[in-house]
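Colleague: Construct the complete structure from the given sequences, taking the supplied hints into account.
Each chain, letter by letter, is given below.
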Amino acid sequence: MAATEQTIKQVNTLGSSDYKYGFSTEVDEIRPPKGLNEEIIKFISAQKDEPEWMLEWRLNAFKVFNKLPKPQWAKLNIPEIDYQDCYYYSIPKSLKDKPKSLDEIDPEILKTYEKLGIPLKEQKMLSGIAVDAVFDSVSVATTYKKQLSDLGIVFCSISEAVKTHPELVKKYLGSVIPVSDHSFAALNSAVFTDGSFIYIPEGVRCPVELSTYFRINAMNTGQFERTLIIADKDSYVSYLEGCTAPMRDENQLHAANVELVALDNAEIKYSTVQNWYPGDKEGKGGIYNFVTKRGACRGKNSKISWTQVETGSAITWKYPSCILQGDNSKGEFYSVAITNNMQQADTGTKMIHIGKNTSSKIISKGISAGKANNTYRGLVNILSKAKNARNFTQCDSLLIGNQCGAHTVPYIESSNSDSMVEHEATTSKINEDQLFYCQQRGLNSEDAVGLIVNGFCKEVLQNLPMEFAVEAQKLVAISLEGSVG
Amino acid sequence: MLEIKNLHVSIEEKKIIKGLDLSINKGEVHALMGPNGSGKSTLSYVLSGKDKYEINDGTIDYNGKNLLELDVDERANEGLFLAFQYPMEIPGVQTSFFLKTAINSKRKYLGQSEMDALEFAKLMKSKAEELNISTEMLKRDLNVNYSGGEKKKQEILQMSMLSPKMAILDETDSGLDIDALRIVSEGVNKLRNSDNSFLVITHYQRLLNYIKPDFVHIIADGKIVKSGDYSLALELEEKGYEEMSQTA
Chain C
473 MAATEQTIKQ
483 VNTLGSSDYK
493 YGFSTEVDEI
503 RPPKGLNEEI
513 IKFISAQKDE
523 PEWMLEWRLN
533 AFKVFNKLPK
543 PQWAKLNIPE
553 IDYQDCYYYS
563 IPKSLKDKPK
573 SLDEIDPEIL
583 KTYEKLGIPL
593 KEQKMLSGIA
603 VDAVFDSVSV
613 ATTYKKQLSD
623 LGIVFCSISE
633 AVKTHPELVK
643 KYLGSVIPVS
653 DHSFAALNSA
663 VFTDGSFIYI
673 PEGVRCPVEL
683 STYFRINAMN
693 TGQFERTLII
703 ADKDSYVSYL
713 EGCTAPMRDE
723 NQLHAANVEL
733 VALDNAEIKY
743 STVQNWYPGD
753 KEGKGGIYNF
763 VTKRGACRGK
773 NSKISWTQVE
783 TGSAITWKYP
793 SCILQGDNSK
803 GEFYSVAITN
813 NMQQADTGTK
823 MIHIGKNTSS
833 KIISKGISAG
843 KANNTYRGLV
853 NILSKAKNAR
863 NFTQCDSLLI
873 GNQCGAHTVP
883 YIESSNSDSM
893 VEHEATTSKI
903 NEDQLFYCQQ
913 RGLNSEDAVG
923 LIVNGFCKEV
933 LQNLPMEFAV
943 EAQKLVAISL
953 EGSVG
Chain A
142 MLEIKNLHVS
152 IEEKKIIKGL
162 DLSINKGEVH
172 ALMGPNGSGK
182 STLSYVLSGK
192 DKYEINDGTI
202 DYNGKNLLEL
212 DVDERANEGL
222 FLAFQYPMEI
232 PGVQTSFFLK
242 TAINSKRKYL
252 GQSEMDALEF
262 AKLMKSKAEE
272 LNISTEMLKR
282 DLNVNYSGGE
292 KKKQEILQMS
302 MLSPKMAILD
312 ETDSGLDIDA
322 LRIVSEGVNK
332 LRNSDNSFLV
342 ITHYQRLLNY
352 IKPDFVHIIA
362 DGKIVKSGDY
372 SLALELEEKG
382 YEEMSQTA
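Note that the protein sequences, when read in sequence, are chains C and A. Numbering of the first sequence is given in this note's numbering, commencing with residue 473 and proceeding in unit increments. Numbering of the second sequence is given in this note's numbering, commencing with residue 142 and proceeding in unit increments.
Some clues are possibly wrong.
[As the list claims (entries may be wrong)] Cβ-to-Cβ under 8 angstroms is the rule here; a few derived chain A residues that face chain C:
#: 1; residue: Ser189
#: 2; residue: Lys191
#: 3; residue: Asp214
#: 4; residue: Ala217
#: 5; residue: Asn218
#: 6; residue: Leu223
#: 7; residue: Phe225
#: 8; residue: Gln226
#: 9; residue: Met229
#: 10; residue: Ile231
#: 11; residue: Pro232
#: 12; residue: Val234
#: 13; residue: Ala243
#: 14; residue: Lys247
#: 15; residue: Gln299
[As the list claims (entries may be wrong)] Here are the simulated DSSO-like cross-link-like pairs (lysine-lysine), alpha carbons at most 27 angstroms apart as the crow flies:
#: 16; chain 1: C; residue 1: Lys930; chain 2: A; residue 2: Lys241
#: 17; chain 1: A; residue 1: Lys206; chain 2: C; residue 2: Lys901
#: 18; chain 1: C; residue 1: Lys930; chain 2: A; residue 2: Lys263
#: 19; chain 1: A; residue 1: Lys191; chain 2: C; residue 2: Lys901
#: 20; chain 1: C; residue 1: Lys843; chain 2: A; residue 2: Lys191
The hints are simulated quantities; they were obtained by calculation from the structure and are not laboratory data. We put the beta carbon where it would ideally sit given N, CA and C, even for glycine.
Modeller: What follows is the structure in structure tokens.
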């Protein structure tokens, strides 16, 4: 349990209100010039030694990107993004020739992960969690590979999967999020750099939590992560991703695409703890987190469950969704989104009911403090063939202070009279009497807020894997520091 | 322990406490009795540090410290405890977790290490048993869907676990049936010792049959109008507040 302890200790040391993941690491980086064009895409593809079909796929996506306008539906104030003023690829020089083992990795990079509380050395590894770590554009290491491969489980970086499992990548990449879905999805498809690939074979229950840790280190660099998880028939996998970035005055772009595919009777549990740098109190700097996450319940009785704890980023734009194609399939979305100071979040989910007896559950907890704005935006769409479909949605918003905003925008479309859709929503202010009560028992005001907010988020946090639930609880408290005067 | 001198308090321009003096020594139990609106609860909030109350005049000395300069949590960690008349519900926070957080906040303030899980569990179990509180209740969210009696017992449990120097009981007897009243009072009596003090605020003499005070004060219109020993409470029960306030 060394790794958990280290992680917890790491979080414990996060005493003051500053962003403690804000350090950067001194490593030599290989970077092509700034800008977005076919040459850059060819460069990325060549750096990764990709097959021809992959390059063509990227170039096609770039053409699509050029035709698509920026999505406009969110209640966000997004400054115009100059795609030409951004680096699209950056890797530490020492990772150019892919290290064969952890011993060959630049100790500086390992130190970075250690500082983050994610020790990669296997002897330190927390039993039960396999980690893939992505540093800027490349995957640093995947632990536990051998043990997993004995079960037939593939857990590697997507770059590697393109070479080693091209048939799976060709079949599923872009099958859940079409390249033309919207401009961020197309951009990611054109320039994606790394991310995780997971394949769980038929009948296998993955015995450990699989996890990826993303880190943006280099300046002016976008991170375009691409993750693809396929759970074959009767399989199960639980996956967790964590993310941080150094403090920078400039905004940095993170546009990820995550696709999940669950076949008959398969279950995928996907958890995110997102703590990208949120910018300073005045709103300077911070990550633009434009993420497309979508899961397809293709098989009957399949299940996909999203759990997210979103505390970081200057702007979060994210709607992890489920396409419930298989009969009796289930989709779940549990979300905690915290915005403080000048942060903005527009997040929610889409549940598309296609198969019979499909059901979905949405539990969203939005917390706003400072001058932040927090929007829940969710679509429940029940198509005509989705006989007997069920949805339950609960959206609760909590306001701290009187300069922040909470918004709830549910879209409900039902084309089937057998279906049942429930929506409950509440908005409340943090209760002064509750705070006083906790303080009278000796908690300082920040601990009191942390306790009450964690209670408010409990339904969501308890869905996280145990080890990370503890970390997430501390993160919730830390994100709100300084929010009560 | 506690020395209140010439205290004047108002809320939103309205004067509530008008020149109150009260001195409580170590090991003493004082009862404060008075009609509705006399300033009883205001006094408990002012002592515990709730904001919105304006201190217009007077001083409060607490173990040699100026109480009015301490934050709410500092006062609590210095051993001042308020058993609330209306304990707050905190959804999603398990009662046992809340107790542990409170205990460890105090230990941290005092520069002590956190109480280990086993020690905490033992302490909680023994204290809960004394108050006839089931372990099932400790797993529930704090005060959520508790009955009135359960909430009051919970307050006394917190009190006994935090073992305060100065405990203020704000109408702890209201809403309690006879059995609960007896259990709660026994809980308080067990805590009494020569080092701590109690201020028991109540409307009714009934509670004082169980918790025998050393001193009884009658408060009316923001001032203490009469002080005496336990017999004053009996006299009050007979004559009523109106007569007692007038004879003062």
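Colleague: Taking the hints in turn, state whether each one holds.
Modeller: Hint by hint, here is what the structure shows:
1. Ser189: Hint holds; A/Ser189 Cβ to chain C Cβ min 5 angstroms, cut 8 angstroms.
2. Lys191: A/Lys191 check passes; min Cβ-Cβ to chain C is 6 angstroms, inside 8 angstroms.
3. Asp214: Result: holds, 5 angstroms to nearest chain C Cβ.
4. Ala217: holds (4 angstroms)
5. Asn218: Holds, about 5 angstroms.
6. Leu223: Cβ of A/Leu223 sits 5 angstroms from chain C, so the hint holds.
7. Phe225: With Cβ-Cβ at 7 angstroms, under 8 angstroms, it holds.
8. Gln226: Hint violated; A/Gln226 Cβ to chain C Cβ min 12 angstroms, cut 8 angstroms.
9. Met229: Holds, because the Cβ-Cβ distance from A/Met229 to chain C comes to roughly 4 angstroms (cut-off 8 angstroms).
10. Ile231: Hint on A/Ile231: holds, closest Cβ of chain C at ~6 angstroms, below 8 angstroms.
11. Pro232: holds (5 angstroms)
12. Val234: holds (4 angstroms)
13. Ala243: holds (4 angstroms)
14. Lys247: holds (5 angstroms)
15. Gln299: holds (7 angstroms)
16. C/Lys930 <-> A/Lys241: Distance of about 17 angstroms is within 27 angstroms: holds.
17. A/Lys206 <-> C/Lys901: violated (34 angstroms)
18. C/Lys930 <-> A/Lys263: holds (26 angstroms)
19. A/Lys191 <-> C/Lys901: Holds, at roughly 18 angstroms.
20. C/Lys843 <-> A/Lys191: Holds: C/Lys843 and A/Lys191 sit about 26 angstroms apart, inside 27 angstroms.
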